[in-house]
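Novice: For reference, the chains in residue letters:
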Amino acid sequence: MTETLKNTLLFGAIALVIAFVGFQQSWNSALLIIAMGLISSIMALGVNLQWGFAGLFNVGIMGFVALGGLAAVLIGMPPTEGGFAAGGLGIIGALLLGAGTIVAAIQVMRRMAAGPLRNLIVIAVLVAGFFLFRALLDPAVARIEEINSAETGYLGGLGLPVLIAWPVGGLFAAAAAWLIGKTALGLRSDYLAIATLGIAEIIIAILKNEDWLTRGVKNVIGVPRPVPFEIDLQNDPAFVERAAAFGMDPVEGSTLYVKVLYILLFAAVLLLLMWMSQRALHSPWGRMLRAIRDNEVAAEAMGKDVTARHLQVFILGSAVCGIAGAMMTTLDGQLTPGTYQPLRFTFLVWVMVIVGGSGNNLGAVLGGFLIWFLWVQVEPMGLWLMNVVTSGMEDGSALKVHLIESAAHMRLLTMGIVLLAVLRFSPRGLIPER
Amino acid sequence: MSDPYGDRGNKDLSIGNPKGMGSEIPQRSGASFSAPGGPFLIGDSMTAGYGNGPDILHDCTIAVDKGEIAVIVGPNGAGKSTGMKAVFGMLDMRKGHVRLDGEDITDLSPQDRVAKGMGFVPQTSNIFTSMTVEENLEMGAFIRTDDFSDTMAQVYDLFPILKDKRLQAAGELSGGQRQQVAVGRALMTQPKVLMLDEPTAGVSPIVMDELFDRIIEVARTGIPILMVEQNARQALEIADKGYVLVQGANAYSGTGKELLADPEVRKSFLGG
Amino acid sequence: MDFLNAIIAFLNYVFIPGVAYGSQLALGALGVTLVYGILRFSNFAHGDTMALGSMATVLMTWLFQSWGISLGPLPTALLALPFGILFTIGLLLFTDRAVYKFYRVKKAKPVILVIVSLGITFIYNGVTRFIIGPDDQNFFDGERFIISAREFKKATGLAEGLSFKTTQGITIVTAVIVVVALFWFLNKTRAGKSMRAYSDNEDLALLSGINPERVVMITWIIVAFLTTIAGVLYGLDKSFKPFTYFQLLLPIFASAIVGGLGNPIGAIAGGFVIAFSEVTITYAWKKILVYLMPESLEPSGLVQLLSTDYKFAVSFVILLIVLLFKPTGLFKGQSV
Numbered sequence: 001m002t003e004t005l006k007n008t009l010l011f012g013a014i015a016l017v018i019a020f021v022g023f024q025q026s027w028n029s030a031l032l033i034i035a036m037g038l039i040s041s042i043m044a045l046g047v048n049l050q051w052g053f054a055g056l057f058n059v060g061i062m063g064f065v066a067l068g069g070l071a072a073v074l075i076g077m078p079p080t081e082g083g084f085a086a087g088g089l090g091i092i093g094a095l096l097l098g099a100g101t102i103v104a105a106i107q108v109m110r111r112m113a114a115g116p117l118r119n120l121i122v123i124a125v126l127v128a129g130f131f132l133f134r135a136l137l138d139p140a141v142a143r144i145e146e147i148n149s150a151e152t153g154y155l156g157g158l159g160l161p162v163l164i165a166w167p168v169g170g171l172f173a174a175a176a177a178w179l180i181g182k183t184a185l186g187l188r189s190d191y192l193a194i195a196t197l198g199i200a201e202i203i204i205a206i207l208k209n210e211d212w213l214t215r216g217v218k219n220v221i222g223v224p225r226p227v228p229f230e231i232d233l234q235n236d237p238a239f240v241e242r243a244a245a246f247g248m249d250p251v252e253g254s255t256l257y258v259k260v261l262y263i264l265l266f267a268a269v270l271l272l273l274m275w276m277s278q279r280a281l282h283s284p285w286g287r288m289l290r291a292i293r294d295n296e297v298a299a300e301a302m303g304k305d306v307t308a309r310h311l312q313v314f315i316l317g318s319a320v321c322g323i324a325g326a327m328m329t330t331l332d333g334q335l336t337p338g339t340y341q342p343l344r345f346t347f348l349v350w351v352m353v354i355v356g357g358s359g360n361n362l363g364a365v366l367g368g369f370l371i372w373f374l375w376v377q378v379e380p381m382g383l384w385l386m387n388v389v390t391s392g393m394e395d396g397s398a399l400k401v402h403l404i405e406s407a408a409h410m411r412l413l414t415m416g417i418v419l420l421a422v423l424r425f426s427p428r429g430l431i432p433e434r
Numbered sequence: 001m002s003d004p005y006g007d008r009g010n011k012d013l014s015i016g017n018p019k020g021m022g023s024e025i026p027q028r029s030g031a032s033f034s035a036p037g038g039p040f041l042i043g044d045s046m047t048a049g050y051g052n053g054p055d056i057l058h059d060c061t062i063a064v065d066k067g068e069i070a071v072i073v074g075p076n077g078a079g080k081s082t083g084m085k086a087v088f089g090m091l092d093m094r095k096g097h098v099r100l101d102g103e104d105i106t107d108l109s110p111q112d113r114v115a116k117g118m119g120f121v122p123q124t125s126n127i128f129t130s131m132t133v134e135e136n137l138e139m140g141a142f143i144r145t146d147d148f149s150d151t152m153a154q155v156y157d158l159f160p161i162l163k164d165k166r167l168q169a170a171g172e173l174s175g176g177q178r179q180q181v182a183v184g185r186a187l188m189t190q191p192k193v194l195m196l197d198e199p200t201a202g203v204s205p206i207v208m209d210e211l212f213d214r215i216i217e218v219a220r221t222g223i224p225i226l227m228v229e230q231n232a233r234q235a236l237e238i239a240d241k242g243y244v245l246v247q248g249a250n251a252y253s254g255t256g257k258e259l260l261a262d263p264e265v266r267k268s269f270l271g272g
Numbered sequence: 001m002d003f004l005n006a007i008i009a010f011l012n013y014v015f016i017p018g019v020a021y022g023s024q025l026a027l028g029a030l031g032v033t034l035v036y037g038i039l040r041f042s043n044f045a046h047g048d049t050m051a052l053g054s055m056a057t058v059l060m061t062w063l064f065q066s067w068g069i070s071l072g073p074l075p076t077a078l079l080a081l082p083f084g085i086l087f088t089i090g091l092l093l094f095t096d097r098a099v100y101k102f103y104r105v106k107k108a109k110p111v112i113l114v115i116v117s118l119g120i121t122f123i124y125n126g127v128t129r130f131i132i133g134p135d136d137q138n139f140f141d142g143e144r145f146i147i148s149a150r151e152f153k154k155a156t157g158l159a160e161g162l163s164f165k166t167t168q169g170i171t172i173v174t175a176v177i178v179v180v181a182l183f184w185f186l187n188k189t190r191a192g193k194s195m196r197a198y199s200d201n202e203d204l205a206l207l208s209g210i211n212p213e214r215v216v217m218i219t220w221i222i223v224a225f226l227t228t229i230a231g232v233l234y235g236l237d238k239s240f241k242p243f244t245y246f247q248l249l250l251p252i253f254a255s256a257i258v259g260g261l262g263n264p265i266g267a268i269a270g271g272f273v274i275a276f277s278e279v280t281i282t283y284a285w286k287k288i289l290v291y292l293m294p295e296s297l298e299p300s301g302l303v304q305l306l307s308t309d310y311k312f313a314v315s316f317v318i319l320l321i322v323l324l325f326k327p328t329g330l331f332k333g334q335s336v
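First to last, the protein sequences are chains C, V and P.
Under the numbering used here, the letters of the first sequence match residues 1 to 434, in that order.
Under the numbering used here, the letters of the second sequence match residues 1 to 272, in that order.
Under the numbering used here, the letters of the third sequence match residues 1 to 336, in that order.
To spell it out: a stretch of chain C is covered by chain V in this simulated footprint if at least three of its residues, at any positions, have a beta carbon under 8 Å from a beta carbon of chain V; those stretches are:
#, stretch
1, 53-61
2, 291-301
If the Cβ cut is set under 10 Å, some of the chain C residues that face chain P in the computed set are:
#, residue
3, M109
4, Y191
5, Q341
6, P342
7, V418
8, P427
Here are the simulated lysine-lysine pairs, DSBU-like style, with alpha carbons at most 35 Å apart:
#, chain 1, residue 1, chain 2, residue 2
9, P, K241, C, K208
10, V, K95, P, K107
11, V, K165, V, K66
12, V, K11, C, K208
13, V, K192, V, K95
14, P, K238, C, K218
15, P, K101, V, K95
16, V, K19, P, K101
17, V, K267, V, K66
18, C, K304, P, K106
19, P, K326, C, K208
20, C, K304, P, K326
21, P, K101, P, K188
22, P, K241, P, K101
23, P, K326, P, K107
FYI, nobody ran anything at the bench for these hints, they're computed from the structure.
None of the values given here were measured: they were computed from a predicted structure.
Just so you know, even glycine gets a beta-carbon here, dropped at the ideal spot from N, CA and C.
Between the sequences and the hints, there should be enough to build the whole structure, so can you do that?
Specialist: Written out as structure tokens, the structure reads:
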């Protein structure tokens, strides 16, 4: 069997099972799986860039995705009236002061001779800076959060078209990645994994707690969309007519139409990113990257700046995750900081990459679709399985009730088993690296 | 990528600890059987390599008898260390046999060979750097269930400096002292044969002479010694038997004196 | 008098909780550091192992409670703990045999084992939720306090009360016993020394006749002890909720790395450094400052440096600072 045929069959199989969902459950679910599958594929693509091509272990994907989500809010949401006047300058001033403090501390570190005096001054600068920062920030935050806190109570966004948020989400993630990479890859020993793990938790903590920025756990709802609202379509006679031509009622027709539009947008982004990463990987830059991965010592001996290359690819991969995060928040229409969990947003993406095939972009896409499909569909499958298993038990028995109630937790178990099975029996993934 | 279990160049210390990680050793679960006759320890016409890699040894034979010192010399990359490791079961043997004291041990794992009485001092990483000298010796005696304080006293007699430093971490010692710890550790099992892979690598000439003296002392106690040496001339001077390996095959063999006298060997390997 | 009150408040709100939390982190970090030192990878499933071991203990506790067995003033969970440990030993040895061993024999690189441990994390997490559900579970019983705030106030006449919870007392005592036993084992026994030797140099350990599989087995057994004890102590002190154990992963890793990965003493020191940083930075110091400062200077706010929601950020920042100044951690770890 040739490689192309095998890959076509694999993708065909996924298409088939999604179509099955369409016939069995609803086309709405099937299209939603495709839309989220596309987003998942993009995340997997970003991680594959880092792990597959540079061997960087990023366990902070969740943080980059969340930053993308933040971009969607900051770009797409309308500004809160009077929000900026109330505390915008105070917050900007405080943030600048915070950054200035850190820069000052670094300068002291660099300029002064090592010793207890230096450490003392650095600590003094940081402590003084921190208190000034809080003194400036706190009142501004309080003023902003006072504004109609039930509905806004935050600065709001720029009110620009939400599509702009996608590249901006990438930029946010790239900036964070630059900071992390600069620190973690620059240390004498490489501590990237723990650094990403920590930063991701911090980003989520900020999104959850800084109400002036994201409304925290009160969530931002109603993020503008790049596609029409279903309700507007239903009120549009021309659309109703067209839907009727396809034999659909306006409600069903409009939901499917909107999903299809999203899918087209997402697919365009995925194709663009795929094309770009394939191009990059077959350029001299990409070849150098793989040379470093396969033999760092030799590459270094040839004068390649390994750390700089690693930093570049780490930033690029994280940016891709940020784009995906912005897209996801756009699709959801809301930012809910409380729902960002490492198992779902970091480790699941890892499963996608490993199962799809580390080092193969096509594999990452396949993994994204396959694992997302399982993530969504294991629950109904598990429920069905439990119903079969417990069919012999008498109704209302404690065990039966417990088993059926717990079916929802089967998905984590399944993800673990899928990952271990692939690692064991096909360690290079379903579409191995060439 | 050829290796599905490779790390793609990942050097992240917060997730992995490559230091001290072992090398891949072929899984053997075979048993030994009696094969009387022949020298005390012999790697007989061995053809071997690492994993699925190419053959490194070609029909190579190395042997040592009781009370002897046998020395393996040869140019860089001749497979000297590989030959040693093959005798110790750390390579994939494709052809040939290893026999010890009238037993065929080809199918034994390295641990089982230790239990059979083989002591091996590798060229590098041959001590537990984070443990004290005394703990190193204790680990050497790990397989022994009897009281090994006598053996430890003997090792301290042989290497008096170790006694003074016995509570110091072995990694803090000088190069020569480290080699003494390494040899001492191997002696703790009371081996029936001792294999040394370049025991004098990286030590000064004075220390080297002293180490050779100690090795002769060990040999006098009746333990046969099989040794790889970079300093061919000095080694052959103390050797009862010498092997010159070239590209994984026996090129010359004889007593130490014969090889030293052989004009061919002198010209090619001893610098005239 | 005010000064005494300030000290009591400090002990009550900062010191005692810090010591208890530090003990729990130290036990967790010891497990992580042992796996890192001997099996050579960072075990992402550590938090979920704690959850599963605690779950077994919780179930056993409920069983005992239903039988009416109790330890009087002490929590019944202590009686169930040995069964929880046995369960975890079985679980870890089974996991090793079924999963990790395959990669160990193949000498897979540590990062592959980390990915494998991600898979184990999913499975353990799923199993825990499947059996006991994702919710909070209460399994504490017995006497709540060794010293209660009310009694303390009555006895001393101070305005501030000092409460010392039974769980805090048990946590500290148990942690001390476990740590002493572990250090005795690692430094004085043959098996313990063979573990250190294997961690130092696998190949040489093999040449010395040390059986790697045995070392690995002993390691998992010790890790089972450490995780279950840490998990149950944490559960008794706070509450048992599967997800919180997963979240403990970051402070536990931070403790192990701050102390120097692979170094047991470092793991303990790291645990306390992280715990005290978290507690002091997220504590509202107003309560203590009002006793110490003259009335005119009394702080108006809570004097809380960061909201408690940022406690993970604190462990991470401490980690970063330590790594910047001492890349090998406070105590020289294996990551040199």
